[in-house]
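Take these sequences, add in the hints, and give me the full structure.
Protein chains in written order, with the UniProt record's numbering: chain H, 1 to 200; chain V, 1 to 200.
Hints listed in this document are in silico derivations from the structure and should not be mistaken for laboratory results.
Errors might be hidden in some of the hints.
As the list claims (entries may be wrong) - Pair ranges (Cβ atoms, derived):
hint, chain 1, residue 1, chain 2, residue 2, range
1, H, 128, V, 30, 56 to 66 angstroms
2, V, 37, H, 30, 39 to 49 angstroms
3, H, 55, V, 191, 33 to 43 angstroms
4, V, 36, H, 136, 49 to 59 angstroms
5, V, 133, H, 133, 19 to 29 angstroms
Ideal Cβ placement from N, Cα and C applies to all residues, glycine included.
Number of protein chains: 2
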Amino acid sequence: MRTRAVLVRAAAETFAEYGFAGTTVSRIAERAGLTLGAMYFHFKSKEELARLILTSQPEPVVPPLDSRGLQHAVDLTLAWAYELPGNPVLQAGARLVLEQRLFTEPHVNSHRRWTGLLLEDLEQARRRRELRAGVDTEACARLIVSSCTGAQIQSRPKTSYRDLPARVEEMWRCLLPALAVPSAAKKVRFGEERVRAASL
Amino acid sequence: MRTRAVLVRAAAETFAEYGFAGTTVSRIAERAGLTLGAMYFHFKSKEELARLILTSQPEPVVPPLDSRGLQHAVDLTLAWAYELPGNPVLQAGARLVLEQRLFTEPHVNSHRRWTGLLLEDLEQARRRRELRAGVDTEACARLIVSSCTGAQIQSRPKTSYRDLPARVEEMWRCLLPALAVPSAAKKVRFGEERVRAASL
Chain H
1 MRTRAVLVRA AAETFAEYGF AGTTVSRIAE RAGLTLGAMY FHFKSKEELA RLILTSQPEP
61 VVPPLDSRGL QHAVDLTLAW AYELPGNPVL QAGARLVLEQ RLFTEPHVNS HRRWTGLLLE
121 DLEQARRRRE LRAGVDTEAC ARLIVSSCTG AQIQSRPKTS YRDLPARVEE MWRCLLPALA
181 VPSAAKKVRF GEERVRAASL
Chain V
1 MRTRAVLVRA AAETFAEYGF AGTTVSRIAE RAGLTLGAMY FHFKSKEELA RLILTSQPEP
61 VVPPLDSRGL QHAVDLTLAW AYELPGNPVL QAGARLVLEQ RLFTEPHVNS HRRWTGLLLE
121 DLEQARRRRE LRAGVDTEAC ARLIVSSCTG AQIQSRPKTS YRDLPARVEE MWRCLLPALA
181 VPSAAKKVRF GEERVRAASL
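As structure tokens, this is what we get:
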């Protein structure tokens, strides 16, 4: 790994574990096995690293199976849920977005970008006639992001995120009858095979 | 107000503003206008105050209008959403439950108690034949708590919780077609009159 990538990973691990307030540049440098000088050569502050991690999301999440509309929205949230337990960059993002004072500008707000991606999927689902008449796609996209945020917060202390995929699937099973026409709801697939296909 | 109540309120305001890590006992005493000695006479640590605030929730939330089943579940979440912007104890609870390391035991976990209350309402709704066949009431109760948690987190930096009632109403409007039979869904009422009736 290049030094910069090593530093981003070390920062992500530190933010995920200690939050923004509990993280110091020297703690990051130490975890990266680098001197403070090397650290400051690449990043001028922990805030710069935090912003980089937040603005990079949700790019680390790419569902491996090709899908469209409703199934793509499901795959995106499942990929995130399966990826989170082992991905410090996603964990840091999930934690930093809660430290609200520093990271409220729209361009570092990952909730907002997630909502935009899900809205695109739901609009595509509408064009594919998967949605029930009268569904408010914007409201539903916000609801999905809110519930994933809430589920992630409850999942961490209980199971270190291990139960997150089950919570996301459960969310969809509750929501689908409101969102999708029965024929489209019946076709939606869940489970680890949606996100692990690429590595088989 | 008695000294103890003054201290709880001062602690709630401080936790809501600075989080658990950013709060010190002297900051609480100062805000309460009391000496450190007076503070320690009542509470031995900031942790004791934090636990008291968390275990007291959601008791501060009581919908003023009499209702049952689905409407009671709606009223409970609306009362919380309208109350939060002006209630430091609820705000502190909302923030402290995110500081996961310290407050993960079931009896201080307000998410868990909220889920239990909503489950009771949904089970009552089932007995009143308000629910669609096959609705998983436990999963739905968890989904409602997750989305309220997520909505609250996004609402604070954007609007200091002012848009929270609209977000909660939007959540219900998305969910109701999945939860309720059409006749019951149509009867559900929203809006400030559900929670302000008592003060009129």
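Evaluation of the provided hints:
At about 60 angstroms, the CB distance of residue 128 (chain H) to residue 30 (chain V) agrees with the hint of 56 to 66 angstroms. For the pair residue 37 (chain V) and residue 30 (chain H), the supplied restraint of 39 to 49 angstroms holds, since their beta-carbon distance comes to about 40 angstroms. A hinted range of 33 to 43 angstroms holds for the C-beta pair residue 55 (chain H) and residue 191 (chain V), which are about 38 angstroms apart. Range check, residue 36 (chain V) to residue 136 (chain H): Cβ separation about 53 angstroms, and the 49 to 59 angstroms hint holds.
Checked against the given bound of 19 to 29 angstroms, the beta carbons of residue 133 (chain V) and residue 133 (chain H), roughly 21 angstroms apart, stay inside it.
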